[in-house]
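2 protein chains.
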Amino acid sequence: MSIDDVHPGISRAHIDGPDGVRVPITRVALTATSGRFGDEPNDPVELYTTSGPHGDPDVEIDLARGIAAVRETWVRDRGDVVEVGSARPYAAGPAAGTRQSPAGPATAGPGEGRPILRAAPGRNVTQLHYARRGETTPEMAYVAAREGVEPETVRAAIASGRAILPNNVNHLESEPMVIGRDFVTKVNANIGTSAVTSSIEEEVDKLVWACRWGADNVMDLSTGAHIHPTREWLIRNSPVPIGTVPIYQALEKVGNQPEELTFELFRDTVVEQAEQGVDYMTIHAGVRLPYVPMAANRVTGIVSRGGSIMAAWCLAHHRESFLYERFDELCEIFAAYDVAFSLGDGMRPGSVADANDEAQFAELDTLGELTRRAWEHDVQVMVEGPGHVPLDKVVENVTRQQQVCDGAPFYTLGPLVTDIAPGYDHITSGIGAAVIGMAGTAMLCYVTPKEHLGLPGRDDVKQGLITYRIAAHAADVAKGHPGAQRRDDALSKARFEFRWEDQFNLSLDPDTARAMHDESLPAPAAKTAHFCSMCGPGFCSMRISQDVREYAAERGLDEVEALHVGMEEKAEEFRRLGGRLYVET
Amino acid sequence: MSIDDVHPGISRAHIDGPDGVRVPITRVALTATSGRFGDEPNDPVELYTTSGPHGDPDVEIDLARGIAAVRETWVRDRGDVVEVGSARPYAAGPAAGTRQSPAGPATAGPGEGRPILRAAPGRNVTQLHYARRGETTPEMAYVAAREGVEPETVRAAIASGRAILPNNVNHLESEPMVIGRDFVTKVNANIGTSAVTSSIEEEVDKLVWACRWGADNVMDLSTGAHIHPTREWLIRNSPVPIGTVPIYQALEKVGNQPEELTFELFRDTVVEQAEQGVDYMTIHAGVRLPYVPMAANRVTGIVSRGGSIMAAWCLAHHRESFLYERFDELCEIFAAYDVAFSLGDGMRPGSVADANDEAQFAELDTLGELTRRAWEHDVQVMVEGPGHVPLDKVVENVTRQQQVCDGAPFYTLGPLVTDIAPGYDHITSGIGAAVIGMAGTAMLCYVTPKEHLGLPGRDDVKQGLITYRIAAHAADVAKGHPGAQRRDDALSKARFEFRWEDQFNLSLDPDTARAMHDESLPAPAAKTAHFCSMCGPGFCSMRISQDVREYAAERGLDEVEALHVGMEEKAEEFRRLGGRLYVET
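First to last, the protein sequences are chains H and S. Using the numbering used here, you'd call the opening residue of the first sequence number 6 and step up by one each time. Using the numbering used here, you'd call the opening residue of the second sequence number 6 and step up by one each time.
Worth flagging that the hints you see were computed from the coordinates, not collected in a lab. Careful: at least some of the hints might be erroneous.
Any copy will do: because identical chains look the same in the list, a pair fits if it lies in one copy or spans two.
When the alpha-carbon atoms are kept at most 20 Å apart in a straight line, the in silico SDA-like pairs for lysine to any residue are as follows [unchecked claim]:
id : residue 1 : residue 2
1  : Lys484    : Asp362
2  : Lys484    : Val154
3  : Lys484    : Glu401
4  : Lys398    : Gly488
5  : Lys398    : His486
6  : Lys398    : Asp494
7  : Lys398    : Arg491
8  : Lys532    : Ser199
9  : Lys532    : Gly43
10 : Lys398    : Ala444
11 : Lys532    : Asp44
12 : Lys258    : Arg405
With the hints as extra help, turn the sequences into a complete structure.
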């Protein structure tokens, strides 16, 4: 069921651009202003949408086959990729995951037999590579139409490293999007199975659900069994880029013994995931041996899973991290599929007490160094950030990162501005996210109410996303991002004019807005009533405001501005106007 | 049922101070650190509490009689008040409210026959008056014990106008508290009936509920019938100061016709409410005639109810506001009961488009002037602030208010940093509240999820309060308020050491934290397990951090800091240590 079945007024539309580009958007049709408020049509509001074909009523979806490969022609037409085989049946994959599908073990999964692409020998297939050569790809044109900017703006931002366009040549189902501080602030949702809970079916459902509620990216953080098939199901059904933390799967392969990890095993895991189509990977190459002891006296030590795995490896072998030492080899793999780095902050603070400390900033310096190394390979990079940070130390995180990492996009988890509210960490972190977004963070990784307590369920995913869409939008409005405030203004005008349905449809969550209104005033007539349950029909400040406006309009503002001269007789007419007010009820 | 019935480990305790002061606090007893994490006791954490006798298991409450008058001796012993009658039966009160009680119409309400106090002729009974004379009252001593500061610090802050201690001599049930930027950031909860919904019983229940979840103040914004008895029930049962907006009741008395309002009728309403014990009143005296037309071209006009009532009056009569012109007469009444002004921002923006505009700041200048006029009468003052403000314009609101109003406490509604999330405005506003709190706002008025959609129910009140306790605490941590971060640190230490029950008990909402944990791992053993449902038993970053710590402890940090020298043989021991990790599961 698509959103427009539920909400008349909300529909799927498209922007047509060059190169056959066709960008889906959500169109909110608005009713006309009428009656006391004047008589004028209200233009529809067009909204960025992340739901892809899942939100398109004209598309039939079969999750067991996956969604359409919208980017296939663009990728193949460039002539720089070759087929290197076809997707392995899950059971034989290096993950040794049992074949398991939502419909049951007997059903084939999506993507089986699909050709695997990678760069032809000697070629580099990253968007950064094309951008630096001065080429504006269809992907960049798509993003430009989506963001309402010129394609050259997108190309230049990617070429400079200030933005990335995550775009694995094996994830042809994804709709291009851009992550950079000059563009709309993006939101990432984490999902994934664990050893304790969750099934593939639930995770695919969460993916679709996350895209519906505004996830620009989804990270699959699955651990436990079935990592490989879970990821295949997700990628084949995802219209948004998919990120992973490959060290999780690598660790499973060595029976959860960090000291058994090797670069070779890790590299093979990266290739396995790149062949599946993972668009960006968190690599904790900044957790260097000498930084590990810096965490010893922290209140909460190392809270990043990937960071702690690498710290354990470094200590066990008393050696420098293999991720750091062999980073260039990873770059070569990433360049062959256009996988982007998400340089992990393995030393991020896990409590406000540990924020902005030596360990965190030592690692950040290394992330800056790694950013430049990746750029030497024309590989796209974003940099991950904290974590738990008190509000007065939030902005320093992004200003420092932008400086140290030469403007590479920052991608932050929250940050949580206090530790005392488990169960409400979408809110503790949404505060930090809005502030760090305003200061220049390009993508915000959501935190759900379940953070610290359990894996997010369906409703937690929604709560996290709504909160982060609020934070991202607040940042865009504060940054004066072109067009961001249009939605606020349209909604506020609808609110002022008691166009309730328009107000609901323009809101981030029309279902909830409508349901809360109906709790007090369920009658259909209340949707057109010029009052609400807060004040009741007897009195309404919005209506008095309208009296002021009409009073001003009848006389012209100049005359009204001379009000303080005090001409008593002028009040007569307003009294009559005021009288009309209460007749209406 | 008190909180400690539900949560062993959380109990009611008291701080004893001078003058018979006995301040209730919440004590969270912590279990000892043990096993791998060391062997040490953890000191209990003492928390500021607002629940008063309602949270004291040793006190029996009869809502129909009200709670104990804890301040009676202090007020009477000063010898500057006289009895001016006794509380009128509700039905005969000037509100013409029908007598109605939670138990039904036949039951007597609380407070009937109670003596009404006011200043003896020629006396001024405000805490500002005493503070300026150099007197440290028992109320100030109470607040000092509560805030963990010296009584002189409190007296000096009140004397300078930088803080207020709302404290009507007829609300003897309230426990003294202070509102000022140098103290713990406070939170106000709005409740109240409307013409469309709600009963007295529900409102008293919301009051008790609000105090339980951390409301430092409660405003009764009732409209419709039964305003007077509703307020009496609330005040007699409230351990926190009660605020009102008397123009609401005044408007009811003139049949909802703003132009029929007179100063005399308004004044009588103020006296009626002062005699009941209202501790502070929102007075929209800053909505002056010449400012009204400034709202004509706004997106959302005037959204303050009180502001629009006064705007309507000004336009209807084409005269300057009676509240502004006769403000000194209100000061004299306020001085006789120690009612504090909450100078209303009737021109606050109702949409981000209208933020920080001419209308808003013109009114603010007048609020600065009125602050000084009130201070001439030794009357306590705080100043209300917006509203809807984009994040980049939030801080200007408080810096400007502090300058214009000579440091009088700022009391803001949110602000909401975007208009697009009806149903989630606790979050849109919690972001603004944290930021404006960090910048110096003394009290934050909560916004519930129902804002713009309906009157808050019980769960909305709780959601609003938790969100605002987060915002206020985040502000206190960011400001470096002494002791604020202790709770974060204690909770984070408990989290790191897998002391789950301690983590729950230290959280803002132990019920929810525990319930969310139990969704994934309901078995009692999981409360002591050294893992959680996010990673499962096979791997845990917290445990690896502990490995790092132990590794460092076994060798001494100096040696560990020399790790990068790279001595392979040292790793052997850590490998054995790491081995132990997985045996544990």
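Going through the hints against the structure:
no.: 1; hint: Lys484 / Asp362; result: between (28 Å within a copy, 18 Å between copies)
no.: 2; hint: Lys484 / Val154; result: within (16 Å within a copy, 40 Å between copies)
no.: 3; hint: Lys484 / Glu401; result: both (17 Å within a copy, 16 Å between copies)
no.: 4; hint: Lys398 / Gly488; result: between (30 Å within a copy, 18 Å between copies)
no.: 5; hint: Lys398 / His486; result: between (24 Å within a copy, 15 Å between copies)
no.: 6; hint: Lys398 / Asp494; result: between (32 Å within a copy, 16 Å between copies)
no.: 7; hint: Lys398 / Arg491; result: between (31 Å within a copy, 17 Å between copies)
no.: 8; hint: Lys532 / Ser199; result: between (44 Å within a copy, 19 Å between copies)
no.: 9; hint: Lys532 / Gly43; result: within (19 Å within a copy, 62 Å between copies)
no.: 10; hint: Lys398 / Ala444; result: both (12 Å within a copy, 13 Å between copies)
no.: 11; hint: Lys532 / Asp44; result: within (19 Å within a copy, 63 Å between copies)
no.: 12; hint: Lys258 / Arg405; result: neither (37 Å within a copy, 60 Å between copies)
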